[in-house]
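**Q** This is what each chain is made of:
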Amino acid sequence: MLSRTAENLYWTARYLERADSIARLLEVAYRISLIPNTQEGYNNEWESILATSGTKEDYLSSYKEIKKDKIEYFLIFDDRNSSSIKNCINKARENIKMVRTGVTLEVWNAVNSFFHSFEELIKRKYYSKDLPEIIDLVKRNVNLIKGTIINTQLLNDGFDFLILGNYFERADFTARIIDVKYFILLPSTSLIGKQVDNFQWSLMLRSVSSYRAFKWAYGNSEIDYIKIIDFLILNDKCPRSLYFSVEKINFHFNRLKKNYKQAGSISPKIENLFKKLRKLSVNDILEEGLHDFLINFIEDIADVYQDLERKYFIGT
Amino acid sequence: MIIKIRHQTEYSFSDTVPRLVQSLKLIPSKTKNQNILDWKLSCSNGSLLESHQDALGHKIFNIFNYNFFGKQEIISKGTIETKDTKGIMSCLQDKVNPLCFLRHTFLTKPENEILKLSKNIKKNKDEIKFCHNLNLTVSEAILFKSGSTNNETSAECSLRLGTGVCQDYAHILISLARYFEIPARYVNGYLLEDNSTNKFYTHAWVELYITNLGWVAFDPSHKKCIDEKYVRISCGYDFIDASPIKGVRLNYLGSEELNFKLSINSEQ
Amino acid sequence: MFNEVINNSGVRPSYNKVFNWAEALPKNIILKKQIQAENLFKKIGVTFSVYNNYDVSERLIPFDMFPRILTSLEWMKIQKGIKQRSIAINAFLTDVYHKAEIIKANLIPGKLIYKNPAYDIKMVGFNVPKNIYSPIIGTDIVRTDEKDFKVLEDNCRTPSGVSYMIENREIMMRMFPDLFESLNIESVDNYPSHLVDILKSLAPKKCNKDPNIVILTPGHLNSAYYEHSFLADLMGVELVQGTDLFVKDNITYMKTTQGPQRVDIIYRRIDDDYLDPLYYKSDSLLGVPGIINSYKTGNVNICSAPGAGLADDKAIYTFMPEIIKFYLGEEPILKNIKTWRCYNKTNLKYVISNLKNLVVKEVHGSGGYGMLIGSQASKKELKKFEKKVLNSPESFIAQPILELSTVPIFDKSKLSDRHVDLRPFSLVGHKKFKLVSGALTRVALKKNSLIVNSSQGGGVKDTWVLSD
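Chains as they are written, first to last, in numbering that gives the first Met the number 0: chain U, 0 to 315; chain E, 0 to 267; chain L, 0 to 467.
Just so you know, the hints here were simulated from the structure itself, not pulled from any lab data. Every value quoted in this text rests on a predicted model; they were computed, and no experiment measured them.
Distance condition first, Cα-Cα at most 25 Å in a straight line; then the derived PhoX-like pairs of lysine-lysine:
hint, chain 1, residue 1, chain 2, residue 2
1, U, K67, U, K122
2, E, K245, L, K280
3, L, K382, L, K337
4, L, K121, E, K108
5, L, K280, E, K58
6, E, K115, E, K223
7, L, K121, E, K94
8, U, K138, L, K42
9, E, K58, L, K205
10, L, K383, E, K108
11, L, K355, L, K387
12, L, K247, L, K121
13, U, K128, U, K85
14, E, K94, L, K98
15, E, K85, E, K222
16, L, K386, L, K344
17, E, K29, L, K121
18, E, K245, L, K295
19, U, K236, U, K138
20, L, K313, L, K82
21, E, K94, L, K103
22, U, K275, U, K256
23, E, K122, L, K114
Work out the full structure, taking the sequences as your base and the hints as a guide.
**A** Spelled out as structure tokens, the structure:
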């Protein structure tokens, strides 16, 4: 497979996952706006959404104040925001367009239809009340595309690169969400364990669409700090957990290596990371410091990406 | 005249060049007025490979480098025996029909200035005399002034300035000749400018195609046809087309610095 | 003007079934099917890009559902004519880049070739693999009456539109399967495998295994990008951009996830000028530095060959009858359109005084740009063009305003006649010639308009060749 094809497939999946993540963030924000008496968390929440999506600085350079409908517009449609849903969809389509021959017609159709239906939204004036419809459209289409990939793509190297794009993005995004929440919503330890945490942590679970999953995994017991860290970082069944993403990345690295009959390790770092997470407990993480742990994790994933790039995307 | 030449070109790069391809037309032409006794190309880095002989008779060599950093030194050296044939270039290894050299490039496209100059030229049925007229007119059209023009100066532009270097003289003559439907081309080479100091320079002149004589080499910056002090290397539509070393750097954003040294000995 | 469907004695037999079918289609079905067709195109992503100075926008090429039909007899003539022409074109190119016998025989003025920018002096004396310069030729044909098909233009560089030929058929079959059951229509879907066959027959000297073919595209912003990826897919070859390739020690490689992989044949869809920054435009990022060296040393074949475009230059076109006679000793089966070469003084005089009744074309122009249709031009435009022609007569040719034949389209829901042309795609390989029985029909969607180019409001139709 052409190196560029591999790279295009990777980024297609990565941008789609990002569009989906932003839509989920917006969904949580929308939910907050419907709940009365959350004024104190309100602005924080919007700010944290910007921080999580890594666009806070961009936003503040274009808009003066933190305002709900402006942020919504910024995150969904704004061209100035390189991670706006619109830009993610455009980039995903541009990438897949360059590798039309590397995906099935069904996958292409799914991405292309998504692009065209989103184009319809762009033509309309944006009203806040349309938000649920937009979020729904994005989530539905991304799920459809992922399903189509799994259902129709040959499980060859191209498939591996698609899946890798998906999980690199997810690993990074989940780590950021946890990190942002930990810092912004819980600036001092005195607040931990109070009623407000409960609410914030449940929001956090929702932002990665794992509220239900959490309930399934831990029953109806009280949400607490430890369980959430366990669930979002170490749980092997939660598809949003860091462990899950790392496992997938490691798995697909190995598949590529085997398919290509390549000797040696593509990335010793991912193997170590995988081994480490498998043995880790919440206490270990807390000992390292949650923030430090997450920052290290994000850096590690970036290094693993470098390994991937060097091995497969340079091509010489 | 027997001449020993050592022509060294040095490129230095400020940063790593992921991929560097250099194409060389540095071997002197084989013609009746120059006989190569021995010639060798070498470079300090990368694989130097003979490619093919092109339609104009140039032996093309290429150098391929990967993740290149630092200095690239290209050395072209050898011994050559030259003769004065009054500019007549017989036995060139050229397969291209001369009429192709009626085409203009952006460096030679005639506009107002060239048209004005063309009006000063006395018509002459004798093609040879007419070509000498052209050469003379051009040699007096501008003043030699180094540094007044650059690689992208067109014939038209240099005329407007009124100054130029050998390259500009050549472009003006080419432009004018083509305007009169005389095939004309740009030639690169070396010239022994001053017998006493034995100093050679890289130089440029022009070949005009004259019926029954074939290509004849005129040097408008010296008001004459070439003689045994000239060594011919490469030719083309214009300066850019004829250039003896072309390089392409891929994915490279750093800077490039060019130096060259020329040391030449002649024996008479 | 020739109406392909209806003549004095009624509907022509070949169109009988289709015409009755079209007439019987209820209005609401027509509208519904049109929307369905558009959606199918959109979904598949068949688009072309339109350029202006500011941005690139993607458009769908308008598709009309009323098919163009040719009988097997009509097709046979076209096929023979195109084969003859394609072989002559390659013989002509071989000759002008070597001995130039045709010029020595005084059949074509040397200046017309040597001064032509499409004549690439770097190709002089070089032996291209199997002497095939232009393996893929799109011939633009117009029909002027019952019997006569004439060639309007040859496209020898990188003719586009073949994907529409295949997709139009796909969509018609999906929408109207019944029609295909009741008529014997020759299939077109073997084009990609023929193309692979033809290209494989043109392996370079130093290739001694099953050759690795790639399609070289300028990238996804190119107007024909869809076609490039479409062909790569159906041919089962890689679609590469310049940056996917590199040359090392005169060998061409593509960058893959498993390291460098040797490339033997490049079906390039980029222009000569962009192929190799070492030889052509030095600032071009679309090409591959060193690819010409790789080509010249017999390590890779570039199809079409650099300099092949000479043969489709409009000035050379006027000599096509002489070219065919000279190389094949045959009379041309498909005639040229009467053409005045403006560099000839008597011709020029005629052209200037009859500008109103002529089509004047720039010799090196394409895509319907730089062209004047005398009858449709304003006085001001005529004056302006006259000046242009007088300024550089050698850059223009003139032709009579053609009575292009008509085929109806569904205009809203009613049938209405429009002018059409025909572009079959022929393939010339080593001792091989292939022409699928089908073509692209381009149709001017504006009533009475003669411009069928997609960049200027033209549409397309499925083209059926009936088998006996």
